[in-house]
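Start from the sequences, fold in the hints, and give me the full structure.
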Amino acid sequence: MSESQTNPPVKKKTVKWGEAPKLSVLDALYLPAIASGLATAVRHAVSGKPTTRQYPEVEPEIPPNYRGVHRLNRDEAGRVKCVACYMCQTACPANCIEIIAAPAPKDDPHWKDRDKFPATFTIDELRCIYCGMCEEACPVDAIELTSVYDLTGMTREEMVFDKEKLLSVFDQTVKSGRDPVRTNRGKLGPASEVSPTAKDAPPPPGRGKRG
Amino acid sequence: MISSLLEYWPVLWPALAAIAVILAVVPFLGLYMTFIERKVAAYVQDRVGPNRVGPFGLFQAVADGIKIFLKEQLIPDHVYTALYFIAPSFSLITAMFALVVMPFGPVATDYQSGFRFMVAPGIDIGILMMLAISSLSAYGIIVGGWASNNKYSIYGAIRSCAQFISYEIPLGMSILGVVAIAGSLNIERIVASQSGSILDWNMFWQPVAMLVFFTSALAETNRLPFDLPECEQELVGGFHTEYSGIKFVLFFLAEYTHIVTVSFLTALLFMGGWHFPGLPGPSGASTTVLLLGLFVLLAKVSLVVMVIILLRWALPRFRFDQLMGLAWKGLIPLALANLVGVAIVLTLGLPKHLLIATAVLPILAAYYSASKFNASLAEGNTLRNGLRTQGAVSYE
Ligand code: SF4
Ligand code: SF4
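Chains as they are written, first to last, in my numbering: chain Y, 10 to 220; chain B, 5 to 400.
You may find that some hints are simply not true.
As the list claims (entries may be wrong) - Here are the simulated DSSO-like pairs of lysine-lysine, each with C-alpha atoms no more than 30 Å apart in a straight line:
{"no.": "1", "chain 1": "Y", "residue 1": "Lys-121", "chain 2": "Y", "residue 2": "Lys-172"}
{"no.": "2", "chain 1": "B", "residue 1": "Lys-333", "chain 2": "Y", "residue 2": "Lys-31"}
{"no.": "3", "chain 1": "Y", "residue 1": "Lys-31", "chain 2": "Y", "residue 2": "Lys-20"}
{"no.": "4", "chain 1": "Y", "residue 1": "Lys-172", "chain 2": "Y", "residue 2": "Lys-184"}
{"no.": "5", "chain 1": "B", "residue 1": "Lys-376", "chain 2": "Y", "residue 2": "Lys-25"}
{"no.": "6", "chain 1": "Y", "residue 1": "Lys-31", "chain 2": "Y", "residue 2": "Lys-21"}
{"no.": "7", "chain 1": "B", "residue 1": "Lys-155", "chain 2": "Y", "residue 2": "Lys-31"}
{"no.": "8", "chain 1": "Y", "residue 1": "Lys-125", "chain 2": "Y", "residue 2": "Lys-174"}
{"no.": "9", "chain 1": "Y", "residue 1": "Lys-31", "chain 2": "Y", "residue 2": "Lys-115"}
Said to hold, decoys possible - To be clear about the criterion: a stretch of chain B counts as covered by chain Y if any three or more of its residues have a C-beta under 8 Å from a C-beta of chain Y, and this derived list gives those stretches:
{"no.": "10", "region": "42 to 49"}
{"no.": "11", "region": "317 to 328"}
To be verified - Quick list of simulated restraints, FRET-style, between CB atoms:
{"no.": "12", "chain 1": "Y", "residue 1": "Ser-33", "chain 2": "B", "residue 2": "Val-311", "range": "22 to 28 Å"}
{"no.": "13", "chain 1": "Y", "residue 1": "Ala-42", "chain 2": "B", "residue 2": "Leu-350", "range": "32 to 38 Å"}
{"no.": "14", "chain 1": "Y", "residue 1": "Tyr-39", "chain 2": "B", "residue 2": "Leu-307", "range": "19 to 25 Å"}
{"no.": "15", "chain 1": "Y", "residue 1": "Arg-165", "chain 2": "B", "residue 2": "His-82", "range": "34 to 40 Å"}
{"no.": "16", "chain 1": "B", "residue 1": "Pro-284", "chain 2": "Y", "residue 2": "Lys-58", "range": "52 to 58 Å"}
{"no.": "17", "chain 1": "Y", "residue 1": "Ser-33", "chain 2": "B", "residue 2": "Gln-49", "range": "26 to 32 Å"}
{"no.": "18", "chain 1": "B", "residue 1": "Val-364", "chain 2": "Y", "residue 2": "Thr-60", "range": "42 to 48 Å"}
{"no.": "19", "chain 1": "B", "residue 1": "Leu-350", "chain 2": "Y", "residue 2": "Leu-35", "range": "27 to 33 Å"}
{"no.": "20", "chain 1": "B", "residue 1": "Leu-283", "chain 2": "Y", "residue 2": "Tyr-39", "range": "33 to 39 Å"}
{"no.": "21", "chain 1": "B", "residue 1": "Val-25", "chain 2": "Y", "residue 2": "Tyr-39", "range": "52 to 58 Å"}
{"no.": "22", "chain 1": "B", "residue 1": "Ala-303", "chain 2": "Y", "residue 2": "Arg-187", "range": "49 to 55 Å"}
{"no.": "23", "chain 1": "B", "residue 1": "Gly-200", "chain 2": "Y", "residue 2": "Ser-33", "range": "34 to 40 Å"}
It should be emphasised that the hints constitute simulated quantities derived from the structure, not laboratory data.
Each residue gets a CB set at the ideal place from its N, CA and C atoms; glycine is no exception.
Okay, structure coming up:
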């Protein structure tokens, strides 16, 4: 610090000068400190209360809003709920969703109320960053992140989940009762409800009063 | 040749048996010491520790051993190959060689009766030989560090060298008091001099010597808080950075053998060895008494091993200058003063229990160092007060 520079004055009351503590004879002897350290070690050793969880036997409780492996939901009819709108693929920052849409087979009575469905739907679980954007983007709540966290595989190909595998994750999580919080399973979301007349339909977002 | 061998057979077979026991037990012991260490460490840290292999993870040590034997023999390009291979074996050989004069069970000083729990009983310079051999183990570390041709390894080796030179002195001097009282360098005789009541154990009238011995011995084994030659945070792995697989394990075994040696020495020299109140001495004793003595000795040794393992989790590592300061400014003067005390008592023919008064020595030393520290503190405080009044800080 140069001579010309003076520190701005400070209030005397706000300054606390610390003093280094004095060393007592016992401190300088070290033995009491060592003994107390040993006592602490022994106390923990004999306490018999390990904080470890025996993992594969005892599984952790995963909160339902955990962002783990994806699932593709089914509707009441057991069909894939996804309407192949590409919203999730567009939203995905990691570019790991790949959808090929196809028109729903109209002559099949099972599909007669649906326009589009995903012919293929793959998610590369290795590229995914588990951000949950796909879940946010989906207008019909068809894609969801589950609390399944133990995702393993022997090859990279195995980790690219296709439609069947994603649907099986759905079945599996439904069966084990580990549904994600957002789930609206069994019902299509508002965007997929068919409005009887255009008048009743909600105004498209962004148009406001003048629309 | 054969006939002379046969002639010496009665003397030879116990020695060979003891050698076999040592050769068989040491690697096993090393493996299980790591297991015990891991378990104790886990319990101290509120964990469970290895518990997958066998009941309580008891076979973990075996699994580790198998794994280590099957590991790839990696030889880095830049090492001095011959020395690189010699170093670990040298470490282990010296560590095991020191066990030659170590009684690992009750040995009668007349060497007549009973099984001799010892490879070479009746060596009159036993403790001297033990110290000489165990300080040779520094060569293993230094050669290993040098051969690795790596700056971290050589730093570790140099540190270990400096540490050995410093801690040999208090180690030897602390033993001298015990040796002078027993009047022999022979370990069995030193133990025999502690027979009788529990108060005859050296730890009660040589407390300072025991303290100094234990501290320096810890430093000799390169254990925490003195594990500077291999501290991971500063030196990657220290002298064994470049070692892997079985060669690393040889270093490791040497270290654990050292711990066992040191624990045995502490138990033998200061804690009465195989003596326990009510237990008769080993000369002319029955097998039961001998086994009881063996048990007593092993119990004492395990106690010391336990303390060594627990100390690791109780103390932080020393800085290197603190390490040196402790040896040269703390332990050596203490050991010297203790030795002078012993000399006075022995020369004047005073009762040896007067030596318990040496226990005040560390307190005096602590008083001295505390007052010195506080004086330097006061100096520092005046310096800061000066800063305050010189206007480095101005008040409103
Ligand atoms: S969680 Fe994120 S990264 Fe993964 S698929 Fe969905 S949007 Fe893409
Ligand atoms: S956003 Fe939903 S409905 Fe649209 S393609 Fe993705 S999963 Fe299917």
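Do the hints match the structure? See the list:
1. A C-alpha spacing of about 21 Å is found between Lys-121 of chain Y and Lys-172 of chain Y, which places the hinted pair at or below 30 Å, so the restraint holds.
2. With a CA separation close to 21 Å, the supplied pair Lys-333 of chain B and Lys-31 of chain Y stays within the 30 Å bound.
3. Proposed proximity of Lys-31 of chain Y and Lys-20 of chain Y is supported: the alpha carbons are some 28 Å apart, at most 30 Å.
4. Taking the CA atoms of Lys-172 of chain Y and Lys-184 of chain Y, the gap is about 18 Å. The hint holds against a cut of 30 Å.
5. Of the pairs offered as hints, the one joining Lys-376 of chain B and Lys-25 of chain Y holds, with about 26 Å between alpha carbons and a cut-off of 30 Å not exceeded.
6. A hinted pair counts as satisfied when its Cα atoms are at most 30 Å apart, and Lys-31 of chain Y with Lys-21 of chain Y qualifies at roughly 25 Å.
7. Distance restraint check for Lys-155 of chain B and Lys-31 of chain Y: the Cα-Cα separation of roughly 40 Å exceeds the 30 Å cut-off, and the hinted pair is therefore not satisfied.
8. Straight-line distance between C-alpha atoms of Lys-125 of chain Y and Lys-174 of chain Y comes to about 20 Å, which keeps the hinted pair within the 30 Å bound.
9. Restraint check: the Cα-Cα separation between Lys-31 of chain Y and Lys-115 of chain Y comes to about 89 Å, which exceeds 30 Å; the hinted pair is violated.
10. With 5 residues carrying a beta carbon less than 8 Å from a beta carbon of chain Y, the region 42 to 49 of chain B meets the three-residue requirement, and the given coverage holds.
11. With 3 residues carrying a beta carbon less than 8 Å from a beta carbon of chain Y, the region 317 to 328 of chain B meets the three-residue requirement, and the given coverage holds.
12. Between Ser-33 of chain Y and Val-311 of chain B the beta carbons are some 25 Å apart, a value that agrees with the proposed interval 22 to 28 Å.
13. The beta-carbon spacing between Ala-42 of chain Y and Leu-350 of chain B, approximately 34 Å, falls within the hinted interval of 32 to 38 Å.
14. The hinted range of 19 to 25 Å is satisfied by Tyr-39 of chain Y and Leu-307 of chain B, whose Cβ atoms lie roughly 21 Å apart.
15. For Arg-165 of chain Y paired with His-82 of chain B, a C-beta distance near 36 Å keeps the hint of 34 to 40 Å intact.
16. At about 44 Å, the beta-carbon gap between Pro-284 of chain B and Lys-58 of chain Y misses the expected band of 52 to 58 Å.
17. Between Ser-33 of chain Y and Gln-49 of chain B the beta carbons are some 30 Å apart, a value that agrees with the proposed interval 26 to 32 Å.
18. At about 44 Å, the beta-carbon gap between Val-364 of chain B and Thr-60 of chain Y stays in the expected band of 42 to 48 Å.
19. Distance hint check: the CB atoms of Leu-350 of chain B and Leu-35 of chain Y are about 32 Å apart, consistent with the given range 27 to 33 Å.
20. Between Leu-283 of chain B and Tyr-39 of chain Y the C-beta distance comes to about 35 Å, which sits within the given range of 33 to 39 Å.
21. Against the hinted window of 52 to 58 Å, the Cβ-Cβ separation of Val-25 of chain B and Tyr-39 of chain Y comes to about 38 Å, which falls outside the hint.
22. The hinted window of 49 to 55 Å between Ala-303 of chain B and Arg-187 of chain Y holds, with their beta carbons roughly 53 Å apart.
23. Our hint of 34 to 40 Å for Gly-200 of chain B and Ser-33 of chain Y holds, since their Cβ atoms are close to 38 Å apart.
When each numbered hint is compared with the structure, violations occur for hints 7, 9, 16 and 21.
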